[in-house]
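**Student:** Protein chains in written order, with the working numbering: chain A, 1 to 233; chain B, 1001 to 1519.
Some hints could be false.
[As the list claims (entries may be wrong)] Take a look, some chain B residues computed to stay more than 10 Å from chain A by CB distance:
#, residue
1, Thr1003
2, Asp1082
3, Ala1161
4, Gly1211
5, Arg1370
6, Ala1471
7, Ser1513
[Claimed, not checked] From the structure, some residues in chain B lie toward chain A, with a derived Cβ separation under 8 Å:
#, residue
8, Pro1085
9, Phe1143
10, Tyr1173
11, Glu1178
12, Tyr1289
13, Gln1290
14, Arg1297
15, Leu1298
16, Glu1346
If you're looking for bench data, these hints aren't it; they were derived computationally from the structure.
The beta-carbon is built from N, C-alpha and C at its ideal position, and this holds for glycine as well.
The primary structure of each chain is shown beneath.
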Amino acid sequence: MRLWALRGLRTQRDLTGFPRTLELAPGMTPGRPVDGPAAAADVCPTGALRAEGAATVVALDHCVHCQRCRHGGQPMHWREDIAWSHGEGAPLPRAFAHSIHVRVLDAGDCGACLAELQQLPAPQYSLHRLGIFITASPREADVLLVVGPVTRAMRQPLLDTYAAMPGPKRVVAVGACAASGGVFGPSFACAGGVADMLPVDRVVPGCPPPPLAVLEALLAVMGRSLPRAEDAP
Amino acid sequence: MNTLAELLHALECDAAVPAAIESGAVLALPLPAARLPHAAHVLARSQAHLAGIVCEQRNGSFALRYPFWLPRGLPWLELVIDVAPGGTVPSISPRLFAADWHEREIEDLFGLIFSNHPFLGNFVLHDEVWPEQAFPMRHDFAFTDADGAPSPYQPQQMLQAEGAFLMPVGPVYGGVSEAGQFLLDTLGEEITHCQTRLFYKYRGIEKRAEGMVAADALLLVERMNGTNAFAHALAAAQAIERACDCSVPARAQTLRSFWAELERLRSHAATIAGLCKSTALAVPTSLAYQRVEELLRLSGRHAGHRYLFGLIAAGGLAFDLDDAAARELAAQAQAVARRLADLAEELLFDNSFIDRLEEVGVIDAKVARRYGLVGPVGRAAGHVSDLRREQPYAAYAECTPRVAQAAEGDNLARLRVFLDEAAESARLLPLLATQLPAGTVRGTCATRAGAGLGWTEAPAGASTCFARLDADGRIARLRLMPPAFANWHAYHLAAERFAFQDFPITLASFGLSMAEQDR
């Protein structure tokens, strides 16, 4: 019989300062392209980069982190942050500001987004401390978190899960596939993301988005205000 | 049958015996279709291991290839047959059961009929969402939602007895889980019959790759299974390199092994963490996921991506890692592996944990051989094969891994093999980091038509890829034969005869990806 609780207590703390600070340890995020020279747009395989005059504009929803624009002759500028989710949906009512239940739904994900979500309860992120719980039943879920481009066979299960959730409810699309179809869609087998099926309240681009980017989006859905990199001095 | 000459003689292919042939070469043996079952029968009784079946449409007719790998020192063999339009293919499944799912997949996606196959039908394309006559892999496939009328789906209860019931699990079920369905028949406590219904995540990767340039196809292959992206993309890159006769610089070869071992270490750590989670041990689960996160951050810091996306390129690697960084990375990964080993030591002395694993989810050696199981799942059941040793690629000819194995085939044996392999990867990393040759990491690839086979030992087992390029260097056919496809085939056998509460543990101990299976 092992005393695992004692073993746990003896372990050194390794928790991120997020959301108090935006300070990041190396390797926590792959970062993202922000702006750069016009020529860089040519190397993008998914059309996430578009030349506009002398600069290149980034459509992050389409970025699959292939890193081509980072290592070419005229590289894009790269920002190592995590607060890049966006969305028009209103946050949940105030009653949800301290705790939500999340139903994660795989709609054809490659495994990387799910693996990042699996890291959320890890000691480095510990999502439970923020009052966020992953639940099995859609009946007790406030947020539907969808990964993957939505394959043909997962369309109906996705709609059924959403219908089984009580209101008020919010939908968060996580990853390039759920945001735009990514490298897979739209095609004969996949939709071009969750927005083709359901109203999406918040999108977390990235291939895959790091755990903190997902956490930031969930806090935004809860209506908690957060520091953003743009606001930093 | 130990020599190539004897094997070829038994296959009645004496004419094809080459003067000198070695590991890493692929020997194609064209056969009349009628002789195929006999050849499969011979190979099933030899040391040959079926990698999969490649079907190619050539105008109206079809060409089928059956690649087999042989042990170290011998080449790959590839049986090749032609099928006329409207013709049937003799099924080899009755003689070589590992071909079963491959034949079913081709039947579903190409509409080819395999005569004498024990069970064809509803497999990749579920009847409730796809019309009956849709064959996506055919060149003339064009599809709109208006085509055909799909038939509704109702799970079938197999066990007919008093008190028997069917428990369908999925495609949406507990926690952070992949989309797939398990149909569990039971009389109560024990699972009597388990059916895995996969392909909810079919994304049509092989079809989508057609017409793409090689570099873009590699992005797709990386995302077949994002957690083992590097290994699968490496198999595809090697296939493409063979197709266009591209040479890879020595530095890139060593670095490819280096990144592949880092990925294996992280992937195995994640499997071990999943196994802790399935037994509801909160502290070991947290400690194991902490290790996974440390390895992810090491990848993120040195490769720019936590899952090593964008690293592989046809002809080598997209970017270099300098020698000092490689040594630092290897030392840090080794430190993480040591912490993982410490945790494992504590786990293996925890009786309540061992009780849940030992003699549960058993796959015996006969089943492992019959189903052609690969990777840690096969090796834990005494069916030992590792492509790094049998058919070395990248830098594995000089840096040969010790292959972990066990005979019991239960959940505990699989855990032990995952642990041993993680430790072995951690041993190889510094060796590879200190012997990095100088030079560039990117060779040049000619633009020309051709076809080639590539293979790697991915964390979950042998991953084989066939690529055909057209004259413009675009993909004409990309066939992905990942390890999950071989291992899911036998998963139900490990779940049956055991209690419901063992099911998630057995599932976790297999460490299989559904995304990789469905493609």
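**Student:** Taking the closest Cβ pair, is Glu1346(B) under 8 Å from chain A?
**Tutor:** Holds, because the Cβ-Cβ distance from Glu1346(B) to chain A comes to roughly 6 Å (cut-off 8 Å).
**Student:** Go through the hint on Gln1290(B) and say holds or violated, using the shortest Cβ distance to chain A against 8 Å.
**Tutor:** 5 Å, holds
**Student:** Examine each Cβ of chain A, and state whether all of them lie more than 10 Å from the Cβ of Thr1003(B).
**Tutor:** Holds, since 42 Å exceeds 10 Å.
**Student:** Once the shortest beta carbon distance from Leu1298(B) to chain A is found, is it less than 8 Å?
**Tutor:** 6 Å, holds
**Student:** Under the criterion of a CB-CB separation shorter than 8 Å, is Arg1297(B) in contact with chain A as hinted?
**Tutor:** 3 Å, holds
**Student:** Would you assess whether Ser1513(B), listed as outside the interface, keeps its beta-carbon beyond 10 Å of every beta-carbon in chain A?
**Tutor:** 5 Å, violated
**Student:** Does the claim that Arg1370(B) lies outside the interface with chain A hold up, using a Cβ gap greater than 10 Å?
**Tutor:** 28 Å, holds
**Student:** Just checking, Ala1161(B) versus chain A, shortest CB gap more than 10 Å?
**Tutor:** It holds; Ala1161(B) is separated from chain A by about 29 Å at its closest Cβ, greater than 10 Å.
**Student:** Using the nearest Cβ pair, does Tyr1289(B) come within less than 8 Å of chain A?
**Tutor:** Since the shortest Cβ distance to chain A is 4 Å, the answer is holds.
**Student:** If I take the minimum Cβ distance from Asp1082(B) to any residue of chain A, is it greater than 10 Å?
**Tutor:** 28 Å, holds
**Student:** Measuring from the C-beta of Phe1143(B) to each C-beta in chain A, is the shortest one below 8 Å?
**Tutor:** OK, holds: Phe1143(B) within 8 Å of chain A, min 5 Å.
**Student:** Mind checking the CB of Glu1178(B) against every CB in chain A and telling me if the closest is under 8 Å?
**Tutor:** This hint holds: Glu1178(B) lies near chain A, its Cβ roughly 5 Å from the closest one there, short of 8 Å.
Of the hints listed earlier, those the structure fails to meet are numbers 7 and 8, in rising order.
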